[in-house]
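Novice: Listed here are the chains, written in short residue letters.
2 protein chains.
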Amino acid sequence: MTEKLNVVPFVSVDHMMKLVLAVGVERFLTELSAYVEEDFLRWEQFDKTPRIASHSHDGVIELMPTSDGHLYGFKYVNGHPKNTRDGRQTVTAFGVLADVGNGYPMLLTEMTILTALRTAATSAVAAKYLAPKGADTMAIIGNGAQSEFQALAFKALLGVNKLRLYDIDASASRKCQANLADMGFDIVISDNAQDAVEGAHIITTVTADKQLATILTDNMVGTGVHINAVGGDCPGKTELHKDILLRSDIFVEFPPQTRIEGEIQQLPADHPVIELWQVMAGKAQGRSSSAQVTLFDSVGFAIEDFSALRYVRDKLIDTGLFEELDLLADPDEPRDLFGMLLRAAKASAA
Amino acid sequence: MTEKLNVVPFVSVDHMMKLVLAVGVERFLTELSAYVEEDFLRWEQFDKTPRIASHSHDGVIELMPTSDGHLYGFKYVNGHPKNTRDGRQTVTAFGVLADVGNGYPMLLTEMTILTALRTAATSAVAAKYLAPKGADTMAIIGNGAQSEFQALAFKALLGVNKLRLYDIDASASRKCQANLADMGFDIVISDNAQDAVEGAHIITTVTADKQLATILTDNMVGTGVHINAVGGDCPGKTELHKDILLRSDIFVEFPPQTRIEGEIQQLPADHPVIELWQVMAGKAQGRSSSAQVTLFDSVGFAIEDFSALRYVRDKLIDTGLFEELDLLADPDEPRDLFGMLLRAAKASAA
Chain Z
1 MTEKLNVVPF
11 VSVDHMMKLV
21 LAVGVERFLT
31 ELSAYVEEDF
41 LRWEQFDKTP
51 RIASHSHDGV
61 IELMPTSDGH
71 LYGFKYVNGH
81 PKNTRDGRQT
91 VTAFGVLADV
101 GNGYPMLLTE
111 MTILTALRTA
121 ATSAVAAKYL
131 APKGADTMAI
141 IGNGAQSEFQ
151 ALAFKALLGV
161 NKLRLYDIDA
171 SASRKCQANL
181 ADMGFDIVIS
191 DNAQDAVEGA
201 HIITTVTADK
211 QLATILTDNM
221 VGTGVHINAV
231 GGDCPGKTEL
241 HKDILLRSDI
251 FVEFPPQTRI
261 EGEIQQLPAD
271 HPVIELWQVM
281 AGKAQGRSSS
291 AQVTLFDSVG
301 FAIEDFSALR
311 YVRDKLIDTG
321 LFEELDLLAD
331 PDEPRDLFGM
341 LLRAAKASAA
Chain S
1 MTEKLNVVPF
11 VSVDHMMKLV
21 LAVGVERFLT
31 ELSAYVEEDF
41 LRWEQFDKTP
51 RIASHSHDGV
61 IELMPTSDGH
71 LYGFKYVNGH
81 PKNTRDGRQT
91 VTAFGVLADV
101 GNGYPMLLTE
111 MTILTALRTA
121 ATSAVAAKYL
131 APKGADTMAI
141 IGNGAQSEFQ
151 ALAFKALLGV
161 NKLRLYDIDA
171 SASRKCQANL
181 ADMGFDIVIS
191 DNAQDAVEGA
201 HIITTVTADK
211 QLATILTDNM
221 VGTGVHINAV
231 GGDCPGKTEL
241 HKDILLRSDI
251 FVEFPPQTRI
261 EGEIQQLPAD
271 HPVIELWQVM
281 AGKAQGRSSS
291 AQVTLFDSVG
301 FAIEDFSALR
311 YVRDKLIDTG
321 LFEELDLLAD
331 PDEPRDLFGM
341 LLRAAKASAA
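Chains Z and S are the protein sequences, given in the same order.
Just so you know, we're using full-length UniProt numbering here: the first sequence kicks off at 1 and counts up by one.
Just so you know, we're using full-length UniProt numbering here: the second sequence kicks off at 1 and counts up by one.
One thing to keep in mind: the hints can contain errors.
As the list claims (entries may be wrong) - When the alpha-carbon atoms are kept at most 25 Å apart in a straight line, the in silico DSS-like pairs for lysine-lysine are as follows: (1) Z:Lys346 <-> S:Lys315; (2) Z:Lys48 <-> S:Lys48; (3) S:Lys346 <-> Z:Lys18; (4) S:Lys346 <-> Z:Lys315; (5) Z:Lys4 <-> S:Lys18; (6) S:Lys315 <-> S:Lys18.
Claimed, not checked - Quick partial rundown of chain Z residues pointing at chain S, CB under 7 Å, derived from the structure: (7) Asp58; (8) Gln89; (9) Ala345.
Said to hold, decoys possible - Label-pair ranges, simulated between beta-carbon atoms: (10) S:Ser348 <-> Z:Asn192: 33 to 41 Å; (11) Z:Asp14 <-> S:Thr214: 52 to 60 Å; (12) S:Glu44 <-> Z:Glu26: 50 to 58 Å; (13) S:Asp332 <-> Z:Ala22: 37 to 45 Å; (14) S:Asp191 <-> Z:Glu323: 45 to 53 Å.
These are computed hints drawn from the structure, not numbers from a lab.
C-beta atoms are modelled at their ideal positions from N, C-alpha and C, and glycine is treated no differently.
Assemble the whole structure, with the sequences as input and the hints as a guide.
Specialist: In structure tokens, the structure reads:
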């Protein structure tokens with residue numbers, strides 16, 4: 001990409017949008033899903049740690065690092081539910097991919113858009129293993145920034161083409177419907193969550209409030225459905241009634257993190273959960289009967305961001321959709337950092 | 001600085017050099033020291049955690065986050081001793097300052113140069129409290145990338161004007177001498193470490209090899225000196241013989257991190273150490289006698305980077321030495337991230 005040691009390729013928001021559009025949203029989601037699946041299948045090769053969270057009154061800032069021994073990736077991401085009040089995003093993110101061998105960053109990229117894409121891709125990968133066969137109808141509770149990405153990922157990977165939308169703010173549902181117009185969906189907006197889940201094979205919950213909410217109660221969830229619980233992702237933020245959890249088989253990304261952040265924070269620390277990667281690898285069973293309620297308690301894990309960073313990095317070579325950032329000091333003689341400063345002084349005086 | 005919500009000010013390596021030169025190296029170090037001291041004096045307000053390290057065969061990549069409840073900062077930094085072999089820096093770094101209230105990054109900056117400056121500034125602040133009165137002679141063992149910054153920080157804050165240099169590679173010492181020519185130092189290059197420490201009031205060790213080295217042995221350290229041990233800063237990387245530690249009063253930044261990374265990794269976990277911030281705050285004694293050997297077991301802590309990020313941020317307003325980076329997605333309607341993508345498609349089709 002470049003041989004200049006000081007330079008790190010940077011993907012701005014503008015370049016990320018151009019990249020997603022150049023590839024096509026559904027193809028992007030499908031290809032990204034393949035990277036996620038590839039990394040989940042080699043789960044044991046990764047350094048894994050729960051994300052490092054800095055909580056404050058209004059939200060959280062998190063760092064999510066991981067490494068496979070060759071590449072190192074991390075994401076900076078915030079979660080501030082009140083941000084929309086002053087026109088800001090609830091979640092913004094950026095990330096870095098680096099070479100473990102020399103520690104040099106290889107890519108800096110926006111990850112606000114990319115996080116929405118990787119979250120949706122991971123949800124759809126999980127559903128591929130867990131949703132009932134032939135599932136083509138999905139309820140989406142919470143029609144904010146992530147809803148369209150979820151819809152398109154499930155369409156691309158599972159063939160979901162009927163959506164039942166609900167949001168406490170009806171304008172969010174209308175926004176979601178309008179954005180997805182002419183994309184091959186049959187869309188119904190519901191007046192309440194109960195109506196929305198009616199007849200759905202898959203229920204996606206993706207609300208944003210930081211509180212112990214009950215978006216779904218037990219009576220609303222019929223047998224055989226797959227629940228894709230995306231919105232509950234930090235301590236004190238859940239979406240499902242505990243009774244739903246108790247009659248579901250629960251699939252998670254990285255148990256030590258999900259126990260802190262996921263829906264299962266409502267359950268005892270020894271409540272059995274199944275690691276999603278083990279299902280993919282054939283080491284654990286996914287859906288075992290048509291009556292079973294499966295629950296993907298998604299909180300988002302560093303390996304998914306790592307997959308997304310890898311994917312974007314691979315796409316840059318062909319597309320050229322990046323800038324060069326002068327991020328790393330590169331003196332002619334590596335030990336002469338101060339001399340570089342002196343030469344810069346001379347150069348500017350000349 | 002800017003009202004565009006998508007934009008984060010970015011300080012490139014080139015801009016950082018221009019900033020340091022515009023301010024002047026010694027003044028930069030003096031002002032930065034004041035920020036470090038200010039933050040050490042409110043130590044208890046900070047979220048503190050040992051850095052998150054990802055170790056590999058050839059080095060380490062670390063994330064160093066901290067927050068005072070209003071601002072959040074983190075640094076990405078690598079340490080790869082073999083990097084100089086292929087023309088790369090041993091240590092490179094960049095960092096981010098963010099607003100805790102909304103989680104938005106406020107500054108992205110190179111920190112390779114800035115880390116050298118903040119490390120030197122912190123060393124000099126520590127020495128202000130610990131070095132013998134009237135100390136004007138410093139030995140510097142290890143004359144690589146950080147040596148000149150250390151020299152200038154000690155000159156600016158303590159009036160050190162006599163340097164005794166030693167490096168296993170004599171060309172490094174000559175490079176350091178040449179870089180510091182005409183800056184008000186009386187400089188002697190020594191043939192060995194023993195000669196270098198002769199008559200020095202302050203001994204700075206700042207070597208780079210990742211191994212249990214013994215740069216200084218017990219017989220080389222006379223009474224009354226202050227040792228500024230900078231190079232030993234990760235597990236398996238130390239510079240001083242254990243016997244020196246046993247007859248020194250040891251001052252550290254953040255004990256849980258220093259026990260893992262510092263010279264004191266050679267000592268039992270309950271060996272007494274004194275927190276530097278407590279000395280500054282008058283809660284613990286610094287140097288108590290002229291015969292005492294004081295040792296600052298420096299490993300570099302996140303709060304120092306936080307201070308450096310704050311300082312750079314404050315300097316930008318006057319100097320304008322930054323670029324605007326399109327890092328954050330900023331849809332017209334915050335919940336309409338997907339709609340932003342659709343509008344970008346329309347805009348490019350138009």
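Novice: Work down the list of hints and note, for each, if the structure agrees.
Specialist: Cross-check of the supplied hints:
1. Z:Lys346 <-> S:Lys315: Answer holds: Lys346 of chain Z to Lys315 of chain S is near 22 Å, not above 25 Å.
2. Z:Lys48 <-> S:Lys48: holds, 21 Å
3. S:Lys346 <-> Z:Lys18: Within the cut-off at roughly 11 Å; holds.
4. S:Lys346 <-> Z:Lys315: holds, 22 Å
5. Z:Lys4 <-> S:Lys18: Distance ~20 Å between Lys4 of chain Z and Lys18 of chain S Cα, so the pair holds.
6. S:Lys315 <-> S:Lys18: holds, 12 Å
7. Asp58: holds, 6 Å
8. Gln89: holds, 5 Å
9. Ala345: Given a least distance of 5 Å, the restraint on Ala345 of chain Z holds.
10. S:Ser348 <-> Z:Asn192: 33 to 41 Å: About 39 Å separates the Cβ atoms of Ser348 of chain S and Asn192 of chain Z, which means 33 to 41 Å holds.
11. Z:Asp14 <-> S:Thr214: 52 to 60 Å: holds, 54 Å
12. S:Glu44 <-> Z:Glu26: 50 to 58 Å: With Cβ atoms ~52 Å apart, the hint holds.
13. S:Asp332 <-> Z:Ala22: 37 to 45 Å: violated, 23 Å
14. S:Asp191 <-> Z:Glu323: 45 to 53 Å: holds, 49 Å
Of the numbered hints given earlier, the model fails hint 13 alone.
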